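K.L.:
Those sequence lines, one after another, are chains F, D and R. Quick note on numbering: the first sequence equals residues 1 to 109 in this note's numbering. Quick note on numbering: the second sequence equals residues 1 to 109 in this note's numbering. Quick note on numbering: the third sequence equals residues 1 to 109 in this note's numbering.
Note that these hints are calculated values from the structure, not bench results. Here the structure is a predicted model, which means the values were calculated and not measured. Watch out, some of these pointers could steer you wrong.
Label pairs and their calculated CB-CB ranges [what the hints assert, rightly or not]:
| # | chain 1 | residue 1 | chain 2 | residue 2 | range |
| --- | --- | --- | --- | --- | --- |
| 1 | F | F106 | D | Q92 | 34 to 44 angstroms |
| 2 | R | S39 | D | D22 | 15 to 25 angstroms |
| 3 | R | D58 | D | D10 | 48 to 58 angstroms |
| 4 | R | G40 | F | V93 | 36 to 46 angstroms |
| 5 | R | E90 | D | D104 | 44 to 54 angstroms |
| 6 | F | Q69 | R | V93 | 36 to 46 angstroms |
| 7 | R | Q68 | F | D22 | 50 to 60 angstroms |
| 8 | D | E90 | R | E51 | 48 to 58 angstroms |
| 9 | R | T72 | F | D22 | 31 to 41 angstroms |
Backbone N, C-alpha and C fix where the C-beta goes; we use that ideal spot for every residue, glycine too.
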Amino acid sequence: MKLLIAIVQDKDANRLSNQFIDNDIRATRLSTTGGFLKSGNTTFMIGLEDERVDEVLDMIKAASHTRQQFMTPPVNLDAQLDSTSSYPVEVQVGGATVFVLPVDQFHRF
Amino acid sequence: MKLLIAIVQDKDANRLSNQFIDNDIRATRLSTTGGFLKSGNTTFMIGLEDERVDEVLDMIKAASHTRQQFMTPPVNLDAQLDSTSSYPVEVQVGGATVFVLPVDQFHRF
Amino acid sequence: MKLLIAIVQDKDANRLSNQFIDNDIRATRLSTTGGFLKSGNTTFMIGLEDERVDEVLDMIKAASHTRQQFMTPPVNLDAQLDSTSSYPVEVQVGGATVFVLPVDQFHRF
Ligand code: NI
Ligand code: NI
Ligand code: NI
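Same shape as in the complex, but just chain F (with noise of 0.2 angstroms):
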């Protein structure tokens, strides 16, 4: 038995969980904060036998690894003559963290 803490942007947080209930995996969630700009990000935490490690992970990897997403900026009404400010940038999105904890005991009553 494993705990699996997995601390994700809670933009990719829904789809995570869909897949969670898909495959049987119980998640418990909760809000949490992080980092430099004290984002909201989402912090799942999963019980799992040994054997169903590597699978949950690829899933985290797979919906929430850091990747690149074209993004329009939002208009700027004090710009208007500035044309490059509605031209999409490329932003950097998603990334996750991820702590496979021992378990000593595993109960469910």
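Following the hints, put chains D and R with the ligands in place on chain F, whose structure we already have.
P.N.:
Same frame as chain F, but now just chains D and R with the ligands:
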């Protein structure tokens, strides 16, 4: 030293919290959500000497194990003529998930 | 690799959070409640290389250890004639509980 992480239903959390206080057990409480219905639950983090683990597991089990309860469904105003709608029905409530984690160091400052 | 779980008073949390940022320590922050008075506190989860554990324990201790502080009690409008009510009194503030947990695997995606 162990760290217990116990996830219980919100409706069982206050009673359990009072029992912890009565028994000098320091618990930190988190608001969490979980499972298919995204229902609210409560997670307790409890640091314990090894010899108190079984006592606290028993306490959690007694306060929050899965059990049947009779509940009167709310009256449905659109179905006033259906006389069955106010009969009590048996529903399953409660249930707890507990992880007992090993601890390398414990400090109180 | 270790996972530190540190529970501190809300009033000490922002200072500590800034120190973590200044020292390139990534911490995830949870809103929690605890103890007899159900006062709000803050829990930090911090993943650390073994060789940084002592440094971070010192940081947590310095920022949030139990200490005496003088506080002027709020003026009680019903007791305006009681001249003792506005004298500063000594109260105990702060205090931190820290668990250092072993980690089997750590991933950043
Ligand atoms: Ni991808
Ligand atoms: Ni019972
Ligand atoms: Ni000091």
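K.L.:
Each of the hints needs a verdict: does it hold here or not?
P.N.:
Tested hints:
no.: 1; hint: F106/F - Q92/D: 34 to 44 angstroms; in the structure: violated (21 angstroms)
no.: 2; hint: S39/R - D22/D: 15 to 25 angstroms; in the structure: holds (18 angstroms)
no.: 3; hint: D58/R - D10/D: 48 to 58 angstroms; in the structure: violated (38 angstroms)
no.: 4; hint: G40/R - V93/F: 36 to 46 angstroms; in the structure: violated (31 angstroms)
no.: 5; hint: E90/R - D104/D: 44 to 54 angstroms; in the structure: violated (36 angstroms)
no.: 6; hint: Q69/F - V93/R: 36 to 46 angstroms; in the structure: holds (45 angstroms)
no.: 7; hint: Q68/R - D22/F: 50 to 60 angstroms; in the structure: holds (55 angstroms)
no.: 8; hint: E90/D - E51/R: 48 to 58 angstroms; in the structure: holds (57 angstroms)
no.: 9; hint: T72/R - D22/F: 31 to 41 angstroms; in the structure: violated (57 angstroms)
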